[in-house]
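Dock chain B against the given chain A, drawing on the hints supplied.
Here the protein sequences line up with chains A and B, keeping their order.
Taking the working numbering, the leading residue of the first sequence gets 1, the next gets one more, and so forth.
Taking the working numbering, the leading residue of the second sequence gets 157, the next gets one more, and so forth.
Because the hints were derived from the structure by calculation, they are not lab data.
Bear in mind the structure is a predicted one, so any value in this text is a computation, not a measurement.
Be a bit skeptical, because a hint or two may be false.
[To be verified] Below, simulated DSS-like cross-link-like pairs (lysine-lysine); rule was C-alpha separation at most 27 Å, straight line: (1) A:K43 / B:K687; (2) B:K678 / A:K43; (3) B:K772 / B:K697; (4) B:K678 / B:K549; (5) A:K43 / A:K78; (6) A:K69 / A:K43; (7) B:K678 / B:K756; (8) B:K579 / B:K549; (9) A:K78 / B:K549; (10) B:K538 / A:K69; (11) A:K69 / B:K772; (12) B:K772 / B:K678; (13) B:K756 / B:K772; (14) B:K366 / B:K425; (15) B:K714 / B:K687; (16) B:K697 / B:K756; (17) B:K425 / B:K580; (18) B:K678 / B:K425; (19) B:K687 / B:K697; (20) A:K69 / B:K678; (21) A:K43 / B:K697; (22) B:K714 / B:K756; (23) B:K714 / B:K697; (24) B:K538 / A:K43.
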Amino acid sequence: MRRGLVTAALLASAVALGDYAPQRMGSEPLDPTREARAQRVGKNLRCAVCQGLSVTDSPASMARAQLDKVRELIVEGKSDQEIYDYFVARYGEWVLLEPTAGGVNAFVWLSPAVLLVVGFLIILGQVRRKPKAPPPAAPSGPEDDYLKAVRAELEK
Amino acid sequence: MNSSLGYGLVLAALGSAIFGAVVGLWTGLTRRESALPWVQRAVYAFSACMATANGVMIYALLTHDFSVKYVSQVGSRATPVVFTIVSLWSALDGSILFWGFIMGLYLFAFTWTYRKEHGRYMQLALGMMCAVGVFFAFLIAGPANPFGHVPNPMDDGPGPNPLLQNHILMVIHPPMLYFGYVGMVVPFGIAAGALLRGELGDSWMVPLRKWTLIPWLFLSTGIILGSWWAYAVLGWGGYWAWDPVENASFLPWLTASAFMHSTMVLERKRMLKLWTLALALASFVLTIIGTFMTRSGVFNSVHAFTQSDIGPTFLAFIAVLLVFSIALLSFRGRLLVAESSLDSVLSRETAILVNNLVFVAVTFVVFLGTAFPLVTEALQSKRISVGEPYFNKMALPGGLMVLFLMGVGPALPWGEASWATLKKQLFIPVGAALVTATACLALLGPGHWMALTTFALAAFTTAITLRELLLPAQARMAQNREGAFTAMFRSAVRARRRFGGYVVHLGIVVIIVGIAASSAYKVHETGTVAKGQSLALADWKIRFDGISSGVDARREWKAADITLVSPSGATETLAGLDGPRMNYYPMSNEPVGSPAVRAKISKDIYVSLLAFDAEKGSASFNAWIFPLVGWIWYSIPILVLGTLIALWPQKRREAAVEATVPSAGAPPPAPGLTTGASA
Numbered sequence: 001m002r003r004g005l006v007t008a009a010l011l012a013s014a015v016a017l018g019d020y021a022p023q024r025m026g027s028e029p030l031d032p033t034r035e036a037r038a039q040r041v042g043k044n045l046r047c048a049v050c051q052g053l054s055v056t057d058s059p060a061s062m063a064r065a066q067l068d069k070v071r072e073l074i075v076e077g078k079s080d081q082e083i084y085d086y087f088v089a090r091y092g093e094w095v096l097l098e099p100t101a102g103g104v105n106a107f108v109w110l111s112p113a114v115l116l117v118v119g120f121l122i123i124l125g126q127v128r129r130k131p132k133a134p135p136p137a138a139p140s141g142p143e144d145d146y147l148k149a150v151r152a153e154l155e156k
Numbered sequence: 157m158n159s160s161l162g163y164g165l166v167l168a169a170l171g172s173a174i175f176g177a178v179v180g181l182w183t184g185l186t187r188r189e190s191a192l193p194w195v196q197r198a199v200y201a202f203s204a205c206m207a208t209a210n211g212v213m214i215y216a217l218l219t220h221d222f223s224v225k226y227v228s229q230v231g232s233r234a235t236p237v238v239f240t241i242v243s244l245w246s247a248l249d250g251s252i253l254f255w256g257f258i259m260g261l262y263l264f265a266f267t268w269t270y271r272k273e274h275g276r277y278m279q280l281a282l283g284m285m286c287a288v289g290v291f292f293a294f295l296i297a298g299p300a301n302p303f304g305h306v307p308n309p310m311d312d313g314p315g316p317n318p319l320l321q322n323h324i325l326m327v328i329h330p331p332m333l334y335f336g337y338v339g340m341v342v343p344f345g346i347a348a349g350a351l352l353r354g355e356l357g358d359s360w361m362v363p364l365r366k367w368t369l370i371p372w373l374f375l376s377t378g379i380i381l382g383s384w385w386a387y388a389v390l391g392w393g394g395y396w397a398w399d400p401v402e403n404a405s406f407l408p409w410l411t412a413s414a415f416m417h418s419t420m421v422l423e424r425k426r427m428l429k430l431w432t433l434a435l436a437l438a439s440f441v442l443t444i445i446g447t448f449m450t451r452s453g454v455f456n457s458v459h460a461f462t463q464s465d466i467g468p469t470f471l472a473f474i475a476v477l478l479v480f481s482i483a484l485l486s487f488r489g490r491l492l493v494a495e496s497s498l499d500s501v502l503s504r505e506t507a508i509l510v511n512n513l514v515f516v517a518v519t520f521v522v523f524l525g526t527a528f529p530l531v532t533e534a535l536q537s538k539r540i541s542v543g544e545p546y547f548n549k550m551a552l553p554g555g556l557m558v559l560f561l562m563g564v565g566p567a568l569p570w571g572e573a574s575w576a577t578l579k580k581q582l583f584i585p586v587g588a589a590l591v592t593a594t595a596c597l598a599l600l601g602p603g604h605w606m607a608l609t610t611f612a613l614a615a616f617t618t619a620i621t622l623r624e625l626l627l628p629a630q631a632r633m634a635q636n637r638e639g640a641f642t643a644m645f646r647s648a649v650r651a652r653r654r655f656g657g658y659v660v661h662l663g664i665v666v667i668i669v670g671i672a673a674s675s676a677y678k679v680h681e682t683g684t685v686a687k688g689q690s691l692a693l694a695d696w697k698i699r700f701d702g703i704s705s706g707v708d709a710r711r712e713w714k715a716a717d718i719t720l721v722s723p724s725g726a727t728e729t730l731a732g733l734d735g736p737r738m739n740y741y742p743m744s745n746e747p748v749g750s751p752a753v754r755a756k757i758s759k760d761i762y763v764s765l766l767a768f769d770a771e772k773g774s775a776s777f778n779a780w781i782f783p784l785v786g787w788i789w790y791s792i793p794i795l796v797l798g799t800l801i802a803l804w805p806q807k808r809r810e811a812a813v814e815a816t817v818p819s820a821g822a823p824p825p826a827p828g829l830t831t832g833a834s835a
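Just chain A, with the same shape it has in the complex (with noise of 0.2 Å):
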């Protein structure tokens, strides 16, 4: 049994975008409009059963049952937040597919953004520092014929 969910690795990904299970007829959609904004508002909500396909995306029956919550909340005239918020009253805040930008979360959207200007800052400081010192002394001996090789190679 254990072995069982270990197994599935190779096929996690399949299993993971869920189980295709579509026993539940299709709810009709909204009107365009309001459709748009069921389908955009679904794409942040995590698919219950999946391992992280959207509610919008999966093809999984609890998904399609989520979506149809949103299009219900859309039609009651809540707003994003609300509908987030009721997700989030329901599944904990693991239904949220971008995590919220409060608290520890901070760290995953800051931190990508520090190691980029830290980064070119890196870079811009090995430009300003110019040699000082003559280019290193070509090494003697034959290594020369070999260098020359292999600078030929890599100019052609």
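Okay, now just chain B, sitting in the frame of chain A:
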């Protein structure tokens, strides 16, 4: 019988790997190079044992020997022969055994190719690779042993996972990925060998580069085929979900791509030695981390991984690898000093450095996004998700930067670019970008600025790449009066790496355009229709003609027969197995869906069956139009072609210079040594 034989072979492989690792590393570090033949023999023995062990497993699968544990897990008498062979890698234990085979193959190929060269580094490199071999052989012999003996074997087994049998891509895409993952062990060994030796000669860069390119190609192909499979089989209308499994394969691809570029700066400017080696080490460590993340069940829950047998083993190995790599880089790094610095921001080398930065940043984003939920769960016992919206927001700008750099880099000269050169180089490409942007804006309208930027940048990069590809040929035509084809061929042959690299760039541009167009301009409709009615999809119509069903050797299926009505009124019927359908496999409770995809160069019409009601005679569909989505997978031949051009060996005459000279500059070799010139 098969159990004991297979297990014995695995133990023999383990023994060979231990011998090779100990002898290789010990004699390498003490510089007793006469021991090299023994290390080579150990590698050959390891490879042979792994290959034979895999042969035994395939034999057991084919003869339905259910006394072998793995066969009892995935075998079944009803499964067709092809899928029986394929089931070797359809589940965890078998796939790790298969990894052992691939690893043996790589090690054998590498050792044999350079059996008479690079004696300075070879023992250390092979010793490192053998050390990794010890881990894999241990894994197969212990925690993931597929050769366990089943005392009272059953008469039949459950058969492989139905998804495996549902599509041909599932047969070829996992081995591709495995060849990509496992292949990274070779550059890891090469880089670790150089670090242990404390030097990095030009000659040693050649195998490092080439043997990174090989797994890189497999990884690229495997990733693209995997996304194609997800698209063609899973029926949710996407190809990439930023799933942990997908991310795991993407991470080493990113670092290996960065590596491929930093080597150029290394060879040209003698900078970034440590950085380049670190990327080679990282690519391998990331494949192992990725394997751990996807194989240990850690994603079911962070607390679940100890339940799997391989989780702790992997975790220990990762810890050893990280400590070893970091220690190696910090203690040996000072031996590899940069011999120059950047002269200008406007130079090829700066562009490559920025390219490396972007690749590393994207790697970081993907890794962070994948691992962060685990961290918060472990530390705060709060479960959060990091999914597609995050990755798209964070990684797509990185993709755009890479696209831009892919154009700007080759347009900039090494050293320092003057404004005059810059103007001359960029005039046409910028023009191409502006024309494309205007045309796209006129045709597609405003909105989707990200996609529009992508198209403009793609035009910019394509213009530069094509010029770089064609100019040398043009020069030859003018100078040597060669025909267009001859000139093209000869210029490609003379600068294989450059030429191949640019061809790969074109392939990447094709992929990026495919991604941008298909995600920005897709049309999606969902709805339920009765028999004879149609679902409107933009100016197309999908008519539902009824349900058909059938049974074949492997499964039962039910399909919706549909007719696609194009805007011009032309009809195309997709019925039976060609229609969107559901497949019922005997060993699986859930049906497996198959969408109907009408693929054309310009767009795919994609219909998947969500549900049907045979009594009422109605069916629910999810339908999409994806413009240019096929370009993502049609790029594979371009990538393969480009990589093969870059990899194609030089003629003996050209290669001779490279092969014989290195040891000439080295200390006089010991008598009887089989290195370069003395051989």
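Check the hint pairing K772 of chain B with K678 of chain B against an upper bound of 27 Å on the C-alpha distance. 31 Å, violated
Hey, K78 of chain A versus K549 of chain B, does the alpha-carbon distance stay inside 27 Å? Cα-Cα ~26 Å, so holds.
Take the C-alpha atoms of K69 of chain A and K772 of chain B, compute the straight-line distance between them, and say whether it is at most 27 Å. 25 Å, holds
Going straight from one Cα to the other, do K678 of chain B and K425 of chain B come out at no more than 27 Å? 45 Å, violated
What's the verdict on K538 of chain B and K43 of chain A, does the C-alpha distance respect the 27 Å limit or exceed it? 22 Å, holds
When you check the alpha-carbon spacing of K366 of chain B and K425 of chain B, does it fall within 27 Å? 19 Å, holds
Regarding the pair K43 of chain A and K78 of chain A, is the alpha-carbon distance no greater than 27 Å? 17 Å, holds
Measure nothing beyond the straight line between the CA atoms of K538 of chain B and K69 of chain A; if it is 27 Å or shorter, mark the hint as holding. 25 Å, holds
Straight-line Cα separation of K69 of chain A and K43 of chain A no greater than 27 Å? It holds: about 14 Å lies between the C-alpha atoms, which stays within 27 Å.
Within a Cα-Cα threshold of 27 Å, do K772 of chain B and K697 of chain B meet the stated pairing? With a Cα-Cα distance of about 21 Å, the restraint between K772 of chain B and K697 of chain B holds, given a limit of 27 Å.
Verify the proposed pairing of K714 of chain B with K756 of chain B, using a straight-line Cα cut of 27 Å. 25 Å, holds
For the pair supplied as a hint, K43 of chain A and K697 of chain B, confirm whether the alpha-carbon distance does not exceed 27 Å. Holds, because 26 Å separates the two Cα atoms, which is no more than 27 Å.
Consistency note: the structure conflicts with the earlier hints numbered 1, 8, 12, 13, 18.
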